[in-house]
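> The primary structure of each chain is shown beneath.
Protein chains: 2
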Amino acid sequence: MEVWFTEDQTNDLRIGCRVREVLFSDVSPFQKVAVLDTVEFGRMLTLDNVIQTNLKDEFVYHEMITHVGLNTHPNPKKVLVIGGGDGGAVREIVKHQGIERVVHVEIDQMVIDVAKKFFPELSCGFADPRVEIVVDDGIKHVKDNKGVYDMIIVDSTDPVGPAVGLFSEEFYRSVFEALTGDGLFVAQTESPFFNSELIKQITATVNGIFPVTRLYWAVVPTYPGGYWTFTMGSKMYDPKTVVLDEAKIAALNTKWYSSEIHRTAFMLQPFVKELLPR
Amino acid sequence: MEVWFTEDQTNDLRIGCRVREVLFSDVSPFQKVAVLDTVEFGRMLTLDNVIQTNLKDEFVYHEMITHVGLNTHPNPKKVLVIGGGDGGAVREIVKHQGIERVVHVEIDQMVIDVAKKFFPELSCGFADPRVEIVVDDGIKHVKDNKGVYDMIIVDSTDPVGPAVGLFSEEFYRSVFEALTGDGLFVAQTESPFFNSELIKQITATVNGIFPVTRLYWAVVPTYPGGYWTFTMGSKMYDPKTVVLDEAKIAALNTKWYSSEIHRTAFMLQPFVKELLPR
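Chains as they are written, first to last, in the UniProt record's numbering: chain B, 1 to 278; chain R, 1 to 278.
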């Protein structure tokens, strides 16, 4: 018998993965949650039938949504992660010795439970004493905490369903206020091949709120088209020109991120540059 | 009615594209040739059911397999293209005014005919008076022409079927001999996520033949995983350290390639660096 998982990446584009076993499938108050054992990518988490992460390529996304900002800010101590209940971002953050507190706000308890049970490789950071897990709405948490965080990471699903509010101007304004005076945030912001209007809109919005707005990129094979972007809004530090601590970065033991890749990630192709605010 | 084209990118990974119309489908002496009008990517060429190119993302591959080498060699005059019957590589090469002659050796007449009829956006370079199209075996052509070319581009299909010989040590030795004293070649060399052993093997082989061996990368959304590599073997010039002619590059009117992207393409992630010869 052949079992395949198929995701509609767009209306007109699909990815299919051969499945050894469906390890978990349930419906939370927010979404359908499933864990698949795939032949090509190993264990895979899907939410509402969209691939979130998998053991083969997760390192790219999790290293790039965390270390770029953490090495731009000279001394990040308090970090907030919104979404990303799989734990991959938290695992990377706690590699940084200067971090004093990581608040991880995930709206869906089921995702956290599934991560603990099926993805110990990702959720291992949850055990770090500096990490506090809060099951709550990230939008509310950001509104209720002003001037608290050195860095905020928006590790959201796509801008449909529960994550829509995480792509709004109102939310980015709340993020600005939740940051300390020299804080910065990073959000995942989709593909320039398939979501170019969204990237235009987000970078323009962030540019209207933050003194420094930067788009950067990496390749996540299981996301549509592979080419994936992140947007940083920063009150003070510029990730393009920051002097990197090479020894500290080498000690992170990463597979995608490096000081070279930090710099490279901000070099955008002409067709991507066209999406940015003038 | 819904019509979908599905490619098995690996045994365990598939891509599916919604099809408006099948414009052409036939069998040549070498392979199955098809042209599809897809909703997501526009017109698409497939060979033996594998996506070769499409109007939406072709610019990435064609710009990167040509301009990196053409801007590394200070004065390329004679260029050989093996494979790539769609014409996209030739279109980019003839943008360079110093080019005197482009010999395009494609084994399959049907691919050339299909490119002329269905892909004028790619095959437009065929009309340039400097271009000579030769329907022949690229391996044979390289053996028969020694010391002739400043640059050789190996625009092959995957290393199965008719293209197997284009990934062999014997072929790379013939390429070395077909080049002028300061010549260089570029070949497409697959994905580090899915073909890491092949990349190891090719870079080691080329490194045993050429004084300079360099792996570089780009993102082609319709190729497995998006992250795609190219390998350059060069007798003299190093693409990593060459001083680029910024004005000349800006005039190429490219969407992916730029002088910044030329330099960043050689910055490899730690997991890719591990594949290179020590």
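Please keep in mind that the hints were generated in silico from the structure rather than gathered at the bench.
Model, not experiment: these values are computed from the prediction.
Treat the hints with caution; some may be incorrect.
Since copy identity is lost for identical chains, a pair holds within one copy or between any two.
As the list claims (entries may be wrong) - Below are the PhoX-like pairs computed for lysine-lysine, each with C-alpha atoms no more than 20 Å apart in a straight line:
id, residue 1, residue 2
1, Lys255, Lys235
2, Lys273, Lys56
3, Lys200, Lys56
4, Lys200, Lys273
5, Lys240, Lys78
> All hints, please: hold or fail.
Taking the hints in turn, this is what the structure says about them:
1. In this assembly of identical chains, Lys255 and Lys235 lie within 20 Å of each other by CA distance neither inside one copy nor across copies; the values are 29 Å within and 31 Å between.
2. In this homomeric assembly, Lys273 and Lys56 come within 20 Å of each other (Cα to Cα) only across copies, at 17 Å, whereas the closest approach inside a single copy is 30 Å.
3. Only between protomers do Lys200 and Lys56 lie at most 20 Å apart by alpha-carbon distance; the minimum there is 19 Å, versus 30 Å within a single protomer.
4. Only within a single protomer do Lys200 and Lys273 lie at most 20 Å apart by alpha-carbon distance; the minimum there is 10 Å, versus 33 Å between protomers.
5. Taking identical chains as interchangeable, the C-alpha atoms of Lys240 and Lys78 are never at most 20 Å apart, the minima being 22 Å within one chain and 39 Å between chains.
Violation of the numbered hints given earlier is confined to hints 1 and 5; the remaining hints are satisfied by the structure.
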